[in-house]
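Colleague: Taken in order, these protein sequences are the chains called A and B. Residues 1 to 114 (our numbering) make up the first sequence, in order. Residues 1 to 113 (our numbering) make up the second sequence, in order.
Bear in mind the hints are in silico, worked out from the structure with no lab data behind them. Treat each hint with caution, since some may be false.
[As the list claims (entries may be wrong)] Far from chain B, some chain A residues (derived; all Cβ distances over 12 angstroms):
#1 Ser12
#2 Glu17
#3 Leu111
[Claimed, not checked] Mimicking SDA-like on lysine to any residue, the simulated pairs with C-alpha atoms at most 20 angstroms apart in a straight line are:
#4 Lys68/A / Glu98/B
#5 Lys42/A / Pro8/B
#6 Lys57/B / Glu3/A
#7 Lys42/A / Phe60/B
#8 Lys68/A / Leu49/A
#9 Lys42/A / Lys57/B
#10 Lys1/A / Arg55/B
#11 Lys42/A / Glu98/B
#12 Lys42/A / Lys1/A
#13 Lys68/A / Gly99/B
#14 Lys42/A / Ser86/B
#15 Lys1/A / Phe60/B
[As the list claims (entries may be wrong)] Footprint (simulated), chain A over chain B, 3 or more residues, beta carbon under 8 angstroms:
#16 31 to 42
#17 47 to 56
#18 81 to 87
#19 96 to 102
Note that the structure is predicted; figures quoted are calculated from it, not measured. Note that the Cβ used here is the ideal one computed from N, Cα and C, for glycine as well.
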Amino acid sequence: KQEVTQIPAALSVPEGENLVLNCSFTDSAIYNLQWFRQDPGKGLTSLLLIQSSQREQTSGRLNASLDKSSGRSTLYIAASQPGDSATYLCAVNGLKAAGNKLTFGGGTRVLVKP
Amino acid sequence: KAGVTQTPRYLIKTRGQQVTLSCSPISGHRSVSWYQQTPGQGLQFLFEYFSETQRNKGNFPGRFSGRQFSNSRSEMNVSTLELGDSALYLCASSLGLEGAGYTFGSGTRLTVV
C-alpha cells in the first residue's frame, strides 16, 4: 500500500528566503507525482506535474525534483513571498491501482513572514 | 477554458439525511474522481469514474456512492449522513489516460449537524 509522507508539517520563514518542501513515498511504481497548493477552505491548485521518467520540472520560481528510486520529491520555491503562504501537498499516482488514483501526503503548512 | 465546477459550495444537513453533490469536469476530460478532506484523515480517495463506469474505489462504506453521466458530469451521493461525514469534498477532473494530471474544483463544504 502506497504511503506518502511530508515533513515538516509546518514551516515558517522570513520573506525572501528559499523554501524547501519534502515528500517521500514508499512504492516507486508510479506514473507521476503532482504538487498542489491549497489556501484555507479552498480547493487544490496544481503547481507541477512530474512524470516518472522525469527528474525535475520548473515553473517560474518553482522547481520540483523527483528521485523515484529513493522515493523522494522536493519542491523548491525561490525568493519566497507572503503570497506563498499556504499548505503544499504532494500526491502520487500509483501504477498498481486500477484506473487512476492519487495518494496524498499530509501537507506542509507554510507561513512566509513579511 | 472553464475549470472544474462543483455545486453547491456549502451544505448543512441533519444526521440521517442524504445529500447529492455535483461536479462538472473540464470539457474533454472523461475521468472524474472524488476525494474527502478532513482535518484528522487528510485527503482520502473515494472513487473514480471514467466514461460512465466506476474504475476505482476507495475504502469508504456503501453509504457513499457516485455516478457519471454521458456528458462526463458526475454526482456523489451520501446516504444516512453521520456527523463524521462533515468534510470538504473535492472533485478532480482528468483526461483519464496514464500519466495524466489532475485539476481540482473548489470543493463542497458539507456540515452534518
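Colleague: Look at each hint and say if it fits the structure.
Modeller: We went through each hint and held it up to the structure:
1. Against the 12 angstroms criterion, Ser12/A stays outside the reach of chain B, whose nearest CB is about 20 angstroms from its own CB.
2. Interface exclusion of Glu17/A from chain B stands, the closest Cβ pair being 27 angstroms apart, more than 12 angstroms.
3. With a least CB separation of 18 angstroms from chain B, Leu111/A remains clear of the 12 angstroms interface cut-off, as annotated.
4. Between the alpha carbons of Lys68/A and Glu98/B the distance comes to roughly 17 angstroms, so the proposed pair stays at or under 20 angstroms and holds.
5. With a C-alpha separation of about 14 angstroms, the suggested pair Lys42/A and Pro8/B falls inside the 20 angstroms cut-off, and the hint holds.
6. Between Lys57/B and Glu3/A, the direct Cα distance comes to roughly 17 angstroms. Compliance with the 20 angstroms bound is thereby established for this hinted pair.
7. For the suggested pair Lys42/A and Phe60/B, the alpha carbons sit about 23 angstroms apart, so the restraint of at most 20 angstroms is broken.
8. About 14 angstroms separates the Cα atoms of Lys68/A and Leu49/A, which keeps this hinted pair within 20 angstroms; it holds.
9. Proximity of Lys42/A to Lys57/B is assessed by CA-CA distance (about 24 angstroms); at most 20 angstroms being required, the pair is judged violated.
10. Distance hint between Lys1/A and Arg55/B is fulfilled; the C-alpha atoms sit about 18 angstroms from each other, no more than 20 angstroms.
11. Only pairs whose Cα atoms come within 20 angstroms are accepted, and Lys42/A paired with Glu98/B is rejected, the gap being roughly 27 angstroms.
12. Note on Lys42/A and Lys1/A: the hinted pairing is violated, with a Cα-Cα distance of about 28 angstroms set against a maximum of 20 angstroms.
13. Straight-line distance between C-alpha atoms of Lys68/A and Gly99/B comes to about 15 angstroms, which keeps the hinted pair within the 20 angstroms bound.
14. A distance of roughly 15 angstroms separates the Cα atoms of Lys42/A and Ser86/B; the hinted pair therefore holds under the 20 angstroms criterion.
15. In summary, the hint linking Lys1/A to Phe60/B is supported, as the alpha carbons are separated by about 16 angstroms, within the 20 angstroms threshold.
16. Residues of the stretch 31 to 42 of chain B lying with their CB closer than 8 angstroms to a CB of chain A number 4, which satisfies the three-residue condition for coverage.
17. Counting residues of the stretch 47 to 56 of chain B whose beta carbon lies closer than 8 angstroms to any beta carbon of chain A gives 4, which reaches the threshold of three, so the coverage claim holds.
18. Coverage of the stretch 81 to 87 of chain B by chain A is violated in this model, with 0 residues showing a Cβ closer than 8 angstroms to a Cβ of that chain against a need of three.
19. Here's how the stretch 96 to 102 of chain B fares: 6 of its residues keep a CB closer than 8 angstroms to some CB of chain A, so the rule of at least three is met and the hint holds.
Checked against the numbered hints given earlier, the structure breaks hints 7, 9, 11, 12, 18 and satisfies all the rest.
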